[in-house]
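Trainee: Residues per chain, in single letters:
There are 2 protein chains.
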Amino acid sequence: MFESAELGHEVDKETFKKEVPLLRAALLDVQYDVLQKKEFPVVILISGVDGSGKGETINLLYSWMDPRHISTLAFSTPSDEEAARPYMWRYWRALPAKGKVGIFAGSWYSQPIADRITGVMRRAELDEQLDDINRFEAMLVNEGALVLKFWFHLSKDGQKKRLKALEKDPRTAWRVTKESYDRLKTYDKLQDVAGHVLRVTNTAKAPWIIVEGTDDAYRSLTVGRIVLDAMKRRLQQPLQQVPVAPPIIHPIDRKNVLSELDLTQKLGKKDYESQLAKYQSRLSELVRDPRFVGKRSLVLVFEGSDAAGKGGSIRRLGAAMDARQYQIIPIAAPTEEERVQPYLWRFWRHLPRTGRVAIFDRSWYGRVLVERVEGFCSEPDWLRAYAEINDFEHQLAQAGTVVVKFWLQISAEEQLRRFKERQDTEFKRFKITDEDWRNREKWDEYVSAVCDMVDRTSTGQAPWTLVEANDKNFARVKVLKTLCERLEDALKDEGKKS
Amino acid sequence: MFESAELGHEVDKETFKKEVPLLRAALLDVQYDVLQKKEFPVVILISGVDGSGKGETINLLYSWMDPRHISTLAFSTPSDEEAARPYMWRYWRALPAKGKVGIFAGSWYSQPIADRITGVMRRAELDEQLDDINRFEAMLVNEGALVLKFWFHLSKDGQKKRLKALEKDPRTAWRVTKESYDRLKTYDKLQDVAGHVLRVTNTAKAPWIIVEGTDDAYRSLTVGRIVLDAMKRRLQQPLQQVPVAPPIIHPIDRKNVLSELDLTQKLGKKDYESQLAKYQSRLSELVRDPRFVGKRSLVLVFEGSDAAGKGGSIRRLGAAMDARQYQIIPIAAPTEEERVQPYLWRFWRHLPRTGRVAIFDRSWYGRVLVERVEGFCSEPDWLRAYAEINDFEHQLAQAGTVVVKFWLQISAEEQLRRFKERQDTEFKRFKITDEDWRNREKWDEYVSAVCDMVDRTSTGQAPWTLVEANDKNFARVKVLKTLCERLEDALKDEGKKS
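Quick mapping for you: the protein sequence lines, in order, are chains A and B. In terms of this note's numbering, the first sequence opens at residue 13 and continues consecutively. In terms of this note's numbering, the second sequence opens at residue 13 and continues consecutively.
Keep in mind the hints are simulated off the structure, nothing from the lab. Among the hints, erroneous ones may be present.
[Unchecked claim] Label-pair ranges, simulated between beta-carbon atoms:
{"no.": "1", "chain 1": "B", "residue 1": "Ile221", "chain 2": "A", "residue 2": "Lys217", "range": "51 to 61 Å"}
{"no.": "2", "chain 1": "B", "residue 1": "Asn214", "chain 2": "A", "residue 2": "Gly387", "range": "32 to 42 Å"}
{"no.": "3", "chain 1": "B", "residue 1": "Lys50", "chain 2": "A", "residue 2": "Gly207", "range": "53 to 63 Å"}
{"no.": "4", "chain 1": "B", "residue 1": "Gln123", "chain 2": "A", "residue 2": "Gly207", "range": "43 to 53 Å"}
[What the hints assert, rightly or not] Pairs of lysine-lysine residues, derived as BS3-like cross-links and limited to a Cα-Cα distance of at most 27 Å, are as follows:
{"no.": "5", "chain 1": "A", "residue 1": "Lys290", "chain 2": "B", "residue 2": "Lys307"}
{"no.": "6", "chain 1": "A", "residue 1": "Lys30", "chain 2": "B", "residue 2": "Lys281"}
{"no.": "7", "chain 1": "A", "residue 1": "Lys29", "chain 2": "B", "residue 2": "Lys307"}
{"no.": "8", "chain 1": "B", "residue 1": "Lys281", "chain 2": "B", "residue 2": "Lys484"}
{"no.": "9", "chain 1": "A", "residue 1": "Lys278", "chain 2": "A", "residue 2": "Lys267"}
{"no.": "10", "chain 1": "A", "residue 1": "Lys50", "chain 2": "A", "residue 2": "Lys244"}
{"no.": "11", "chain 1": "A", "residue 1": "Lys25", "chain 2": "B", "residue 2": "Lys278"}
{"no.": "12", "chain 1": "A", "residue 1": "Lys290", "chain 2": "B", "residue 2": "Lys217"}
{"no.": "13", "chain 1": "B", "residue 1": "Lys30", "chain 2": "A", "residue 2": "Lys281"}
{"no.": "14", "chain 1": "A", "residue 1": "Lys290", "chain 2": "B", "residue 2": "Lys29"}
{"no.": "15", "chain 1": "A", "residue 1": "Lys281", "chain 2": "B", "residue 2": "Lys25"}
{"no.": "16", "chain 1": "A", "residue 1": "Lys25", "chain 2": "B", "residue 2": "Lys290"}
{"no.": "17", "chain 1": "B", "residue 1": "Lys432", "chain 2": "A", "residue 2": "Lys49"}
{"no.": "18", "chain 1": "B", "residue 1": "Lys110", "chain 2": "B", "residue 2": "Lys197"}
{"no.": "19", "chain 1": "A", "residue 1": "Lys484", "chain 2": "B", "residue 2": "Lys30"}
{"no.": "20", "chain 1": "A", "residue 1": "Lys29", "chain 2": "B", "residue 2": "Lys281"}
{"no.": "21", "chain 1": "A", "residue 1": "Lys30", "chain 2": "B", "residue 2": "Lys282"}
{"no.": "22", "chain 1": "B", "residue 1": "Lys278", "chain 2": "B", "residue 2": "Lys267"}
{"no.": "23", "chain 1": "A", "residue 1": "Lys190", "chain 2": "B", "residue 2": "Lys307"}
[As the list claims (entries may be wrong)] Residues on chain B that point at chain A, a partial pick, calculated with CB under 8 Å:
{"no.": "24", "residue": "Pro79"}
{"no.": "25", "residue": "Ala117"}
{"no.": "26", "residue": "Ala185"}
{"no.": "27", "residue": "Trp186"}
{"no.": "28", "residue": "Ser192"}
{"no.": "29", "residue": "Asp373"}
All C-beta atoms, glycine included, are put in the ideal place defined by N, C-alpha and C.
Working from the sequences, and respecting the hints, build out all of it.
Mentor: Following this line, the structure appears as structure tokens:
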């Protein structure tokens, strides 16, 4: 793995001095092209052995490019806001926008490598996390990002020499701490773990670039040239769409998960009122349970036909909780700041912290519903969304978030009745738009999209609940009941763990 | 102060049942008008005595309006990210966007009131903070916000009764804790402090609305009606511009702070190199000093004529620091998410945490420079900006942030020379735009704006440094030297304190 990076690569001062002005001019030029095109972000990971010159090279990159459009983020101990959310949240919030360069000094690799060296993390856990990372990086690349992962290597002897040299120079002596020497002791262990990590995550989409760290000039010039070359090539190549997944299967008969729903199910007024009260009070206890408040969070997804009663159901949930504990996030068209980020970014930013509840009124499933049907994104984009969404929800579940997803279904006739009623009711008129009427014409296409969505994203950790919603009372109680049951199960598990 | 709120106001069940549907329909209606107009946010503060029904009323407001466009934020102990920034940062980040309703359960008043009751805060400090709050709220109103501040009052006896009643009902018993009873003991003290706070902050722009909290129906109906009425009236009235401040004074002779600068000052190559090295190394020590890293942060502002060399100066600073410690924030046109917030919001969001450095390449001074000269905002808007900016920087200084502001000045002739040079240099061409040429034609207007800015915003805590920048070497060294001196002074103070 590291053979080529122990050859004692060097660049003499003369060459360095000659090369830098050319490199700098070219880098500035390409950086401005990237900035003006605003089509993709540049994500640079600088990782490697201690004392291998990560900081020095980052600082040089700053002096070679326009530092106003670069951001560097160093990640050490997570802040409490970060610790209360899934592992990747802090990295999502730090992603550079399209057109910008983001340098990660310490990245999503640091924690697993450190935890594996100290033994906190078992090999199987590490491999699971590396799988997550591979999928995350593939997503970034599919979203257009240029991802460059550098690993600075030093031979054992080289590391010792670098530390001594840093210590001698009064300008850099502060960088050498007791910990630096401690890490020297774990050199072999690090090589072992890093070797494994690099092999497993050395993907075609985001390969590792291993650079010998001993000589400052060689290391930085190498990185600068690779960054330049990669940015240039990325500018010339349009985003390559991933090969299309096997086509979605259309059943030959008319049977599907929606057609099989019994939409005639009803709940009389009296039953409704007593059950509503029962489940609301149960819900109100569950979200105040110390096992929930201290350890879990809740993400609710509401999707459904237009006029299926999402708003009404959400309102009934809300009535059982304290407004200070939950947020409703209505999903509309993405803002400017959201459009320059990967698709899922605008959902990551709203994730609740431990003890809190986020209710999404429409959600990330927009990509495989409206965006698919209306052609707002390409086929490869919505096809890969299934896997990305499953990953996303898997990460939520891993972090202790209970994910509960509802699809509210009404019949075409019931929808028509509700549309007409809304048009006739003064204070409900805002609820009906021309778009609703247009969507209605694509009823069958939406049915296909929903069925595919359910098949591909109903997982053990985050199953879909299909709600028969022709009768509002029935639907609301089913939503509340399902939610209570899911929460109870989760807290039972919590009880067992502790 | 609280006389009218101890009369035993009540609304009977009958009336409540009759009123609510009408109120609800009207509230929904007006909420949608506000949402569609997207002209102003609605900021609602719900504060008051413990057990006075704050939570209940907030939850009712949710059931009366469309909860998808309301956000409620409860503020208790600040997170570590919040604690590492000025006091108001957490409230700025929670402000609702134009068109939305934001309910603050616990607000910027909670901390000072609590600290005054426990005696942690002295009366003079409290009054100082109340002044800050008054100016903050005035800013919100001037920016268009509808600010409604509710204080729920209970008589001493009333509070005891409410606690008992809450305790009896199994659905609300959890709300009553030992602390609730502790607070009963400090009832008189709270009344005393709250009375003072309410008097001092009962401004014409954001008056307090005191509501008796004893009866649920009365309290919530009152709040609902006031919210409805205020939103309606705000929709009908266009934003009232504040009366214009005394006109800016134009000197009769041609003498001004810029004309008095000696732009011929120069620094030879040798001197430059030795001084650059000296101050860079001093700066690099200062930002690594434990007194800085643990307690202070640094905000740098770079303003100046076009082509005055801001970028070059920033680069020389950056070279002395670790890229992981600072961020450069280039200020361009505001994004969509920034345009629906008060003017200063987009700067608050970039404030550095303790130990970090933020370098603003252009800044909040845009309002009194380009926006004033080009007419991008109204005269009352830029006139009030001086005071708002001083407040902002005062808050930064209070929180331990060192604020250093540079104006880089070149002569009209030197600017012309640099513009031409840039046009002729391939890789500098991106630096010159048509806008630069247009700005140049308004040279004199910019001079007036700069002089007014310096006079009105050069404060003891955050003075302006005017930099003679015809000679780049001279300018860069002056910037570095000034920064080092300001940091040294700040750390000396830090040394004395501890």
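Trainee: Are the Cα positions of Lys281 (chain B) and Lys484 (chain B) separated by 27 Å at most?
Mentor: OK: Lys281 (chain B) and Lys484 (chain B) at ~11 Å, within 27 Å.
Trainee: Keeping to a limit of 27 Å between CA atoms, is the pair of Lys432 (chain B) and Lys49 (chain A) held or broken?
Mentor: Holds, at about 26 Å.
Trainee: Is the straight-line distance between the alpha-carbon of Lys290 (chain A) and that of Lys29 (chain B) 27 Å or less?
Mentor: At roughly 23 Å apart (the allowed maximum being 27 Å), Lys29 (chain B) and Lys290 (chain A) satisfy the hint.
Trainee: Could you check if Pro79 (chain B) really has its C-beta closer than 8 Å to a C-beta on chain A?
Mentor: 5 Å, holds
Trainee: Can Trp186 (chain B) be said to touch chain A, with a Cβ gap under 8 Å?
Mentor: 6 Å, holds
Trainee: Sort out whether Lys290 (chain B) lies within 27 Å of Lys25 (chain A), counting only the CA atoms.
Mentor: Distance of about 23 Å is within 27 Å: holds.
Trainee: Just to be sure I understand the hint, the distance between the Cβ atoms of Gln123 (chain B) and Gly207 (chain A) should be within 43 to 53 Å; is that true here?
Mentor: For Gly207 (chain A) against Gln123 (chain B), whose Cβ atoms are near 52 Å apart, the range 43 to 53 Å holds.
Trainee: Using the beta carbons of Ile221 (chain B) and Lys217 (chain A), state whether their distance is inside 51 to 61 Å or not.
Mentor: 58 Å, holds
Trainee: For the hint on Ala117 (chain B), just tell me whether its beta-carbon gets within less than 8 Å of chain A.
Mentor: 5 Å, holds
Trainee: Would you check the hint for Lys290 (chain A) and Lys217 (chain B), treating anything up to 27 Å between C-alpha atoms as holding?
Mentor: 45 Å, violated
Trainee: Verify the proposed pairing of Lys278 (chain A) with Lys267 (chain A), using a straight-line Cα cut of 27 Å.
Mentor: Between Lys278 (chain A) and Lys267 (chain A) the Cα gap is close to 23 Å, so the pair holds against 27 Å.
Trainee: Quickly compare the C-alpha distance for Lys30 (chain A) and Lys282 (chain B) to 27 Å and report which way the hint goes.
Mentor: Holds, at roughly 22 Å.
Hints 2, 5, 7, 11, 12, 18, 26 and 28 from the earlier list are contradicted by this structure; the remaining hints agree with it.
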